[in-house]
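S.K.: Both chains come to you apart, so use the hints to assemble them.
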Amino acid sequence: MKLKYIIAIVLIAAAIGAIVSTYGDSSTYVAFDTAVENMGSEYHVIGTLNRDKPLEYNPEKDANHFSFYMQDSLGMEMKVIYHNTKPQDFERSEKIVIVGKALNKDEFEASQILLKCPSKYTEGQKPGEL
Amino acid sequence: MLPGNLGHFSVVLAFATAIFSSAAFFKAFRSPDETGWGKSAVIGFYLHAAAVLSIVASLFYIIYSHYFEYQYAWQHSSTDLPWYYMISCFWEGQEGSFLLWIFWHMVLGLILLFTAKEWKYPVMFVLSLSQIALTSMLIGVKVFGYKLGSSPFELMRIVNESGPVFSMPDYLTRIKDGNGLNPLLQNYWMVIHPPTLFFGFACTIVPFAYAMAALMQKKYTEWIKPALPWALIGVMVLGTGIIMGGFWAYESLSFGGYWAWDPVENASLIPWLILIGAVHTMLIYKARKTALHFSYLMVITSFVLVLYATFLTRSGILGNSSVHSFTDLGMSGQLLVFLLMFLVLAIVLMVVHWKKIPTTPLEENAYSREFWMFIGALVLIVSAFQIILTTSLPVINKVFGSNMAPPTDVIAHYNKWQLPIAILIALLTATAQLLKYLKTDSKKFWKEAAVLGSISLVLTGMAFWWFGLNNWLYFILLFASVYTIVVNFKTAWPFIQGKIKVSGASVAHIGFGLMLIGVLVSSANKNVISRNNTGQAFFDGEDQKTVRENYENIYLEQGKPVDMNNYRVTYLGDSSKWVNIYYKVRYEQLDKEGNVKNTFMLYPNGQINPKMGFIANPDTRHYLSHDVFTYVSSVPKKNEENDAPFHNEKKHELKQGDSVRTNNGMVYFDGLHTKVDRSSSPELANVDLAVAAKIRIVTLDSTYTVEPVYAIEGNGIVSIEKVSDETGLRFRFMNIDPKTEHILIETAERSPRKNFIIMKAIVFPYINFLWGGTIVMIIGFLLSIQRRISEIRRTI
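Chain order of the listed sequences is A and B. Quick note: the first sequence uses the working numbering, first residue 21, plus one each step. Quick note: the second sequence uses the working numbering, first residue 42, plus one each step.
Okay, chain B solo, but in the shape it has when bound (with noise of 0.2 Å):
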């Protein structure tokens, strides 16, 4: 009971001290004459992040020692899951995300006390208010009727009041296991995505809180420069986030990809556009006095965006059209609450100081660096806002009561607007970088312009050819993120034998059009090798209009080779570990003559989970020029039911040692036993006698063996048949001659069951540029990062 208690009380710990710290902080910042409530606020910041390690550590050491007792351990987590896979149980859960979203802020609120100096007092206001927000979801305690959200820390008796078992005083020996870790999150993704993921979440609230604090203190212009670092941390961090949802998705999800416009993925992607948007803005405010407006709208958005995603994701309102979506735990409303209250407060804050703002106007001159840097950041809306409508119309569909369904090619839908856009933004990320600030003289920008783009013309016409792409606008992207390559490396290069730091824009442009390339490559020509071409003329009657061969799984019996594109296939058999079963499957590369130039092994495994049913992972051979990606779509079930019949019965009549030959195998006679067990079938219930007939079944594979029963109850005779799957055989025991001890058996055959898988191939070509660029990006965003502190450490 004691880690429960610990656990809850800490919670309503957590949420005082938000509220005491919040208030002693607007007093502070307000009344800073009065360096009482700062002092005290601190404090109070202090004690709410010991009462938030404390929750952590409660729910941990639940979770860890197995107290199935408590709701959310029993859901969650079960006795054979690795320590590794136990800390993912802990953001498996809404609330123990919700956690996690609340250690983040604290880390943050604590690292800002040390770092805003004079902006400390109405930032950390801003932050402790989302606690507030934050910690109410977690307190699980009915005020005035209504349910304030909901505790990681509640004991199942009280969750499942109706449960029969939980009248007994007993129950928890009858609760042996937990339910468990989702199989499809029992991956080293699932320990570290999420942490990343909501760490960029968080972060987004630090440049939010400085704009609301240059608000409330009126000190309109200075909150850029402090901000700044941070935006570039939470576009990095959630960056990093995002990619490796990807890469997760890509390397252990069947769905054959790393994006798939999930209204999840979405959601994230989202908020993350408009950030970069910010940064930008930022900049242009940095250096030309201009764009402040839109930069505290910017800001603002992205946070209210995390908002909106969290609300999408957690409403449960993406049921029907998100893989990903929580379940609802009723607690719509509250995050709504939330929302709307962060949103009220930006607006009504910006709508009083609008005005008051200083403006200097952009000056409209096409050959400066910030006009196009602005442009950027309105094409980036642009992209958002496309992004934002398909995903939200669940949303639409509630509000307006429509019946609006998401479209039948979602991937084309998204590519269509953000394909063009993609190559847009990699010009501008190109034409900005050639221009200065303030203004540029013409003819030196274009001279360099056409040197530069010639050269990468020649480059893109040669990556083309390279790559096999085969379409215009794929050139035109593959142009724009070539040139954008060429022309940040011809910016970086001064920077990178000197002071490297301020290369990071780019450093991360550079990483930005590898992405692109990667991206266009691996999609454009992903490649599913697994077409079922076996050339075998199946007509269905009605099926007759389809195109065979454009069907993409393959089936694969153990033992017998498929040639699959230029690759020979042999599925040769499974082996086991732990939950997981591991399908080998040689790979041999035929080069033109069909001679085998390669080979390798993949185990693309499964899991034949009690619940879910079979979730498959798949297994990739990585290659620096392409991957080949290979997943099981689908095994027979091992007790299923073969309705083929039997046919051929013939007698024998047996002694000890006797064999027979069969179509299927040699059968051997080894002799009786009367240790049968009676309660393996009802017909032997209430027998006198009973006795088995071992059958040894040798094959060119394998021995098998079954044993048919023979048995007498009164008059009358009882004959269990046996049938052998694997080798297909059917025993019957009919008679025994007690006198010569020979037996009757009555062998029947039919084909046998074989093994097989059901797989799928994808090669995806040079998807490497895709996992390299993100790095080279993330470098560009560190570098830029290091220069921006430092910049703010040297005017100190």
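So here's chain A without its partners, still in its complex pose (with noise of 0.2 Å):
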């Protein structure tokens, strides 16, 4: 064969292989049954913060151990558990994104939290807006 075509050929499978690669990877958006039904496996998770439940976090005791009750866009609430320390303005936030797997029906292992907080730096000017 044409050194042409293996050369083809082998890009192709790389492509492939990328998106593969991607689609596999990726992780989804979803609400926490989904999580507790797939206990262990990844998942993010779009929520709100539980301001009527209590937030933990004691560094005297362990700064690696965060807690807090989050509710998903279906309703259903679990406690969240996270181990880092509380991320800054946590009371403040609008929308929270965690990733991580259900450990149990009611808790949730965060690896990372990432926060939407209220126009905050950005004064929400939009003037495109029609």
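Keep in mind the hints are simulated off the structure, nothing from the lab. Careful: at least some of the hints might be erroneous.
[What the hints assert, rightly or not] Restraint ranges, calculated between C-beta atoms of paired labels, are given here:
| id | chain 1 | residue 1 | chain 2 | residue 2 | range |
| --- | --- | --- | --- | --- | --- |
| 1 | B | Gly635 | A | Ala51 | 30 to 38 Å |
| 2 | B | Asn568 | A | Lys81 | 21 to 29 Å |
| 3 | B | Asn704 | A | Glu80 | 14 to 22 Å |
| 4 | A | Asp72 | B | Phe185 | 47 to 55 Å |
| 5 | A | Asp72 | B | Asn444 | 43 to 51 Å |
[What the hints assert, rightly or not] Residues on chain A that point at chain B, a partial pick, calculated with CB under 7 Å:
| id | residue |
| --- | --- |
| 6 | Val40 |
| 7 | Asp45 |
| 8 | Ser46 |
| 9 | Ser47 |
| 10 | Thr48 |
| 11 | Tyr49 |
| 12 | Ala51 |
| 13 | Gln108 |
Here a beta-carbon is modelled for each residue, glycine too, at the ideal position from N, C-alpha and C.
M.R.: Written as structure tokens, this is what we have:
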């Protein structure tokens, strides 16, 4: 086979490999019930902080243990445990995105927390909107 | 009103002159005998340049003079910023960064007017087209019901029409200060990284314009020579801008690294990879007159990818997946049109002229330099493709309605592709240099490869052991990097004493090899030394399974040393400067016997920003062989409620000068006064008489004062208790005996609130290879640029 064709085949194989890899490695945005059904698998869950339930962060006891209660878009609530410091201004968050897995039907262990805070530094002025 | 009006007028003028110049440049190269077109096009472009300068001057004047009636000044600046951060405000917002891009294109255009010679008119035509698209982003005027762009000169009261404050005629007096510059951006990097990066982006249009010009003029091959130095300049500047971003992240941001595979970072890397590929296919063409079609495609793709990167970062589509996308200004439609405009132009021209582009089939001689350079360009395309796929997940979601989130372990995902790719590229940069164009004697090649390969193997083995690596994949990457450094050193050597310019490629490859080593070693052996290894048997019930020592932050109480890895660290206290609080941490490096062999201080700092909360900046101790990187992850809130209960209540009868010993310090009663601020407490509003007791607490560290209050209202008594947080003492003023002037004070105690920080410390070994390698690579680019420019000069 001509070298040109071998190269083309290798390239296409690499491209397909990349597509499969991106699809395969991608996580999904789910609600808590899916995470509980597939305990141990990692997901992204979007939700809001339940301000009426306690937030626990006692750095003197353990600087790497933070827990809070979060409600997802379907209304299910779970206790979220995060083995890191409490993100700054956590209480002001509008929306929380957590990445992690369910430990049991009540608790979720987050390995990452991403916060969406209200307007914050950009004052939400959108002159382009019609 | 004047600067805003001038600015706005200048935008419209820049827009109009861009349209005029494009049309005139177009006519100039289509009808070259009508010389009037060329002259008027050039004048039009000079006018355009003046208009752009005027826009820049107006905006800067508004920011510098604190004219907060202008939306942009209010949103991005404030009165307390030093002048160099006011420059950064300029490009903090979308409109300002577009303006930066317009500015650089204008500068490039002026340079091209002087250097492009016979290519001037068609190349300037393409450039002016892009100026039309870019200036339209700043117009901010409604056209047929659609708002075209967003003007940086809009007044607050127009933007916020519904705001009640604007109905007052004197609203300006109520706007005391601007919103200020985002504290994460209050850093000297914000002054230099965006302009460099945008200059790099701007440079990609030049090879693109040359390629388009070649197609439009049907001069299909001659564009490579003048475009090559421009492609090299683009690679050099864009690469520098990207590395600056990495260095900034490393030095000033607290995610603990220099590259996070964040979508916005990736968006700038992808066109850079393609542009490097383009440089190499252009070199192949120069040497062997082949890979011409490919060069067109690479150069076009690199520019289109810059437009795509712009779209990704500015449309807001990355909102959920990136830490640094701009907020959507509703201009995504316009950006898409911009992207499609140039894409369609390029595709149409390529399709029409494809068959007419002269082509020499690529000889499949594996013993030729051009063969492996071509493979290298293909590998770079695969690399860029892989990165662009995952980065574009939000776009894919929008187009296909899917719900894919970024990988949970982003770094592992990219590394599993890019690590083998890096190995391949390193091997190729070495192999291609050992081969000659057209053909090479295979025996000579293998002999040289074996000799240099063996030397590299030995050096790799030593380095592998020295760096403390332990993974076969790392060994291969280390070997590939060392090999390319050794080979390129050999190829550079003869020129270093003579015509050094010719060694540009070798030097750049050496730089690349060094960078790879830096990335490999600092990432592989990155060591979070602040692992929580207090050894505390702390079981949390459900957490019994989790491994405590994997957690990466430690708690440092003021004054109490903690052993951390082979360091003893003590948090000594804090001090403030402007808005920043500097936390003084003493590091004592211990040797095996536990003796202190080295001491240094680090001052990680933070800002408690009213809008963004606590923003941390790291401080790093740089050694030649590693960096100790420290930042504060969390601090106690100054006015946080301490819920611990008070105990040990005791009543004391005191006269002035008396003292009481408590567990938390000596307490002195220094007398009474009646200058009580009635507004300090609602219960004091209507009292007839109020008396405060001056209580002084003395501890080993410091002295504190509190003033509990005793007041009379009609027949009742009001007692305002006071708590000293730092000492954990509560004082209640119970009674006064007016005859004896003795007072009755009840004291109560609890554990004093300790001052502490939560800290994370990381050691990055041999990271200087990365920064050093970058500098070497840039030197290599400079040499190559010089060489290609003098090649052009010689043929004139």
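S.K.: Next, verify each hint and record whether it holds.
M.R.: Cross-check of the supplied hints:
1. Gly635/B - Ala51/A: 30 to 38 Å: violated (53 Å)
2. Asn568/B - Lys81/A: 21 to 29 Å: Since Asn568/B and Lys81/A have Cβ atoms about 25 Å apart, the given range 21 to 29 Å holds.
3. Asn704/B - Glu80/A: 14 to 22 Å: holds (19 Å)
4. Asp72/A - Phe185/B: 47 to 55 Å: At 50 Å between Cβs, range holds.
5. Asp72/A - Asn444/B: 43 to 51 Å: violated (30 Å)
6. Val40: Val40/A check fails; min Cβ-Cβ to chain B is 10 Å, beyond 7 Å.
7. Asp45: holds (4 Å)
8. Ser46: holds (4 Å)
9. Ser47: Result: holds, 4 Å to nearest chain B Cβ.
10. Thr48: holds (6 Å)
11. Tyr49: holds (5 Å)
12. Ala51: violated (11 Å)
13. Gln108: holds (4 Å)
Of the numbered hints stated above, those contradicted by the structure are hints 1, 5, 6, 12, listed in ascending order.
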